[in-house]
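Protein chains in written order, with numbering that gives the first Met the number 0: chain B, 0 to 402; chain W, 0 to 402.
No wet-lab data here; the hints were simulated from the structure.
Be aware that a few hints might be false.
Remember, identical chains collapse to one label, so a pair may be satisfied in a single copy or spanning two.
Restricting the straight-line Cα-Cα distance to at most 30 Å, the calculated cross-link-like pairs of lysine-lysine (BS3-like) are [unchecked claim]:
1) K140 / K122
2) K62 / K258
3) K23 / K45
4) K23 / K366
5) K45 / K190
6) K118 / K140
7) K284 / K2
Protein chains: 2
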Amino acid sequence: MAKKVLKFGGTSVGTIERILHVAKIIKKEHDSGTQVIAIVSAMSGKTNELLKQSKSISANFNKRELDVLLSSGEQVTSALLAGALIEFGVNSKSWLNWQIPILTEGEHSNSRIININIKEINKFLSEKGVVIIPGFQGISKTGDVTTIGRGGSDATAVAVAKIFDTDTCEIYTDVDGVFSTDPKKIPVAKKIDKISYEEMLELSSLGAKVMQSSAVQTAMMYNIPLEVKSTFTDREGTKIFDQENLDYTKSVTGVAYSKDDAKITLMGVQDKPGVAANIFEPLSKNQINVDMVIQNISSDQKITDITFTIKRDDLIKTIEILKNNKDIKYESMSNNNKVSKISIVGAGMVSTPGITYKMFRSLAEEKINILAISTSEIKLSVIIHEDDTLKAIKKLHTAFDLD
Amino acid sequence: MAKKVLKFGGTSVGTIERILHVAKIIKKEHDSGTQVIAIVSAMSGKTNELLKQSKSISANFNKRELDVLLSSGEQVTSALLAGALIEFGVNSKSWLNWQIPILTEGEHSNSRIININIKEINKFLSEKGVVIIPGFQGISKTGDVTTIGRGGSDATAVAVAKIFDTDTCEIYTDVDGVFSTDPKKIPVAKKIDKISYEEMLELSSLGAKVMQSSAVQTAMMYNIPLEVKSTFTDREGTKIFDQENLDYTKSVTGVAYSKDDAKITLMGVQDKPGVAANIFEPLSKNQINVDMVIQNISSDQKITDITFTIKRDDLIKTIEILKNNKDIKYESMSNNNKVSKISIVGAGMVSTPGITYKMFRSLAEEKINILAISTSEIKLSVIIHEDDTLKAIKKLHTAFDLD
Chain B
0 MAKKVLKFGG
10 TSVGTIERIL
20 HVAKIIKKEH
30 DSGTQVIAIV
40 SAMSGKTNEL
50 LKQSKSISAN
60 FNKRELDVLL
70 SSGEQVTSAL
80 LAGALIEFGV
90 NSKSWLNWQI
100 PILTEGEHSN
110 SRIININIKE
120 INKFLSEKGV
130 VIIPGFQGIS
140 KTGDVTTIGR
150 GGSDATAVAV
160 AKIFDTDTCE
170 IYTDVDGVFS
180 TDPKKIPVAK
190 KIDKISYEEM
200 LELSSLGAKV
210 MQSSAVQTAM
220 MYNIPLEVKS
230 TFTDREGTKI
240 FDQENLDYTK
250 SVTGVAYSKD
260 DAKITLMGVQ
270 DKPGVAANIF
280 EPLSKNQINV
290 DMVIQNISSD
300 QKITDITFTI
310 KRDDLIKTIE
320 ILKNNKDIKY
330 ESMSNNNKVS
340 KISIVGAGMV
350 STPGITYKMF
360 RSLAEEKINI
370 LAISTSEIKL
380 SVIIHEDDTL
390 KAIKKLHTAF
400 DLD
Chain W
0 MAKKVLKFGG
10 TSVGTIERIL
20 HVAKIIKKEH
30 DSGTQVIAIV
40 SAMSGKTNEL
50 LKQSKSISAN
60 FNKRELDVLL
70 SSGEQVTSAL
80 LAGALIEFGV
90 NSKSWLNWQI
100 PILTEGEHSN
110 SRIININIKE
120 INKFLSEKGV
130 VIIPGFQGIS
140 KTGDVTTIGR
150 GGSDATAVAV
160 AKIFDTDTCE
170 IYTDVDGVFS
180 TDPKKIPVAK
190 KIDKISYEEM
200 LELSSLGAKV
210 MQSSAVQTAM
220 MYNIPLEVKS
230 TFTDREGTKI
240 FDQENLDYTK
250 SVTGVAYSKD
260 DAKITLMGVQ
270 DKPGVAANIF
280 EPLSKNQINV
290 DMVIQNISSD
300 QKITDITFTI
310 KRDDLIKTIE
320 ILKNNKDIKY
330 ESMSNNNKVS
340 KISIVGAGMV
350 STPGITYKMF
360 RSLAEEKINI
370 LAISTSEIKL
380 SVIIHEDDTL
390 KAIKKLHTAF
400 DLD
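Take the sequences, apply the hints, and build the full model.
Okay, structure coming up:
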């Protein structure tokens, strides 16, 4: 008997009508004999509404209580969906974080799932019950409510798929699947039928908002077949597989972009061992994630410039640390938060020569200045001025035959 | 060291500003050295919003899931209030139904609290922590979320006051206290400074919406001093005491009314033993609560009329049962849902002669027709036409020197 995890995002359960529609999708799977565990997000807008309320009380709202607050959103969806299924004659039950329980570790608002008790749920599944689980949350060893970061319902879905050893994990969302680039910006963007975990990981961590990247990472680690598909159409979605099972005809699979980066340049930094460590250690200690780092080749003067990018939200904090830390020595600092990161991603890139050159030339043809470059085996990212974002995506999408 | 339960109703926590205000009230108590356990309702309107969502899925929404749904409301308030207190520098923590736990028994949406674990909470109180508990909910022995009926936060407050043996239980609300009648309808209504449990019980079960009646009953049973007071003013509220400690100068304490009754008359019922039982047994089995019953004295014909009142919401169901049950024999049936119940309440009534006569004469002077009468030691209720409600309250309020 097939066993599936179906995960429904915020827009998929954004209204009562949509919850009823989702109940019909689940009923169809259930009626065909599949054992279904559904993971649900909060109704769209709900988490932001709750966050806003907490922020109007304190800019630094207590993290334990924030988790109690935010977890209520998925609880509401779970109860409504279970109630809708029962109304349709399907035996169904919501299982809250503490009822299962879903055990997590790590700090509040950023926990990781470490265990899920399967006994009661497996019993219910074997009695033809449909299980509804609120995503994004769990409890800690001390019995506190925890959440696992924004978009964390994907992580719950993948963890549940792994622990219950389901055949597949289907991510229902408001788009038809994973696209070669953002279809809202570039109408010629094409839906990708099959993609590797690695590519999906790069696309989602580089700005494609279809799936949370740490969830893709977990799926890759445990080889859990994913499928991203639309709640609102019957069209085939995007299947996310092990790379070996994919046949690559194109070197580049997609173009991603994100506008949440900022660039900092430290000029006149001494070019000697340990200097870079002095700069990045205090940032790391303050949970600031440094993405790209570029260091120019030093001339005889033994001083150099270091450029790096960070999340835009961390800019003010980063500047403060750099200014106040006596171990960090430099002549001057500049920063730019009007930048965007454009990335091309493709598992076939590594075996296709000239990709880098083609990307740089394409951008040059559009007179787009490259501020920083970062590469991996399956992606190539550049930082450019924010104003050039759309022009760059369009150009690259065409240049790599994705239209 | 004083230990208090402070309970805040839905309007008291209806906005973020009000939650901040409530946090200030609690901080003041806490700073003065009192150990505080605060019980909170859902933000005003929230429970109705969730109920409406469930009803748009099913008129008969699954009760287990309804409890999961509704309990989220108080969870949100608890987290926001705990966060606000922490922002004000007070050590505070929300404790959800399952974290304490609050054990209940009985059916979903209408459970009773049977036990509350005190160990962890007492430890936290002794460490100068303010405890926030969501009202209205608990868990069952099987680990399901349960709720304890509308207005159930009062019941939680009284149960917590009892089990933690607190000095007092203060019910913060949007009015200054308990009034001699509804101050929104009758401007001359006066705040009652002191009232007995029995009178409060009658007033609240007869339509005064200040406190849930089963909570008053529990307080009476365990002699827990209550105080109903305003969240928005510093005025003294109404103290609810043991009757023996009260000094009665007035025979009648208040006039209450409710508009949620309906009247049914069965004409031509056989006047023989067992007939009344045949009528009321199936109603009771269907959870329909019969309030007043009047049976006319039978003449020689051995047939009689029976009139009784029920909750207006139960009218259609009641008529159906009476029509379809073959054991219930009568010639014709009439019903009226345009009625209201007016009650005068006072612990001094029993020792004051002429109260009944005075009430009937006052209503007669206003040409108000009495459709049914019911009496107890401390209250006298009549059913009248709904249109006469205001006229009747005004007249009785004046007649019994309450203006």
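**Request:** First find the shortest C-alpha distance between K140 and K122 inside one copy, then the shortest across copies, and answer within, between, both or neither for a cut-off of 30 Å.
**Result:** Both. Shortest intra-copy (24 Å) and inter-copy (19 Å) distances satisfy the 30 Å Cα cut-off.
**Item:** Homo-oligomer pair classification [K140, K118; C-alpha up to 30 Å]
**Value:** both (19 Å within a copy, 18 Å between copies)
**Prompt:** Is it within, between, both, or neither for K45 and K190, if the alpha carbons may be no more than 30 Å apart?
**Reply:** within (29 Å within a copy, 41 Å between copies)
**Prompt:** Within a copy, between copies, both or neither: where do K23 and K45 come within 30 Å Cα-Cα?
**Reply:** Close inside one copy (23 Å) and across copies (27 Å); limit 30 Å.
**Message:** If the cut is 30 Å between Cα atoms, do K23 and K366 qualify within a copy, between copies, both or neither?
**Reply:** neither (51 Å within a copy, 59 Å between copies)
**Prompt:** With identical chains treated as interchangeable, where does the CA-CA distance between K62 and K258 reach 30 Å or less: within a copy, between copies, both, or neither?
**Reply:** This pair counts as within: shortest intra-copy Cα distance 27 Å, inter-copy 46 Å.
**Message:** My question is about K284 and K2: at a cut-off of 30 Å on alpha-carbon distance, are they close within one copy, between copies, both, or neither?
**Reply:** Neither: 42 Å inside a chain and 43 Å across chains, both beyond 30 Å.
This entry does not satisfy hints 4, 7, going by the numbered hints stated previously.
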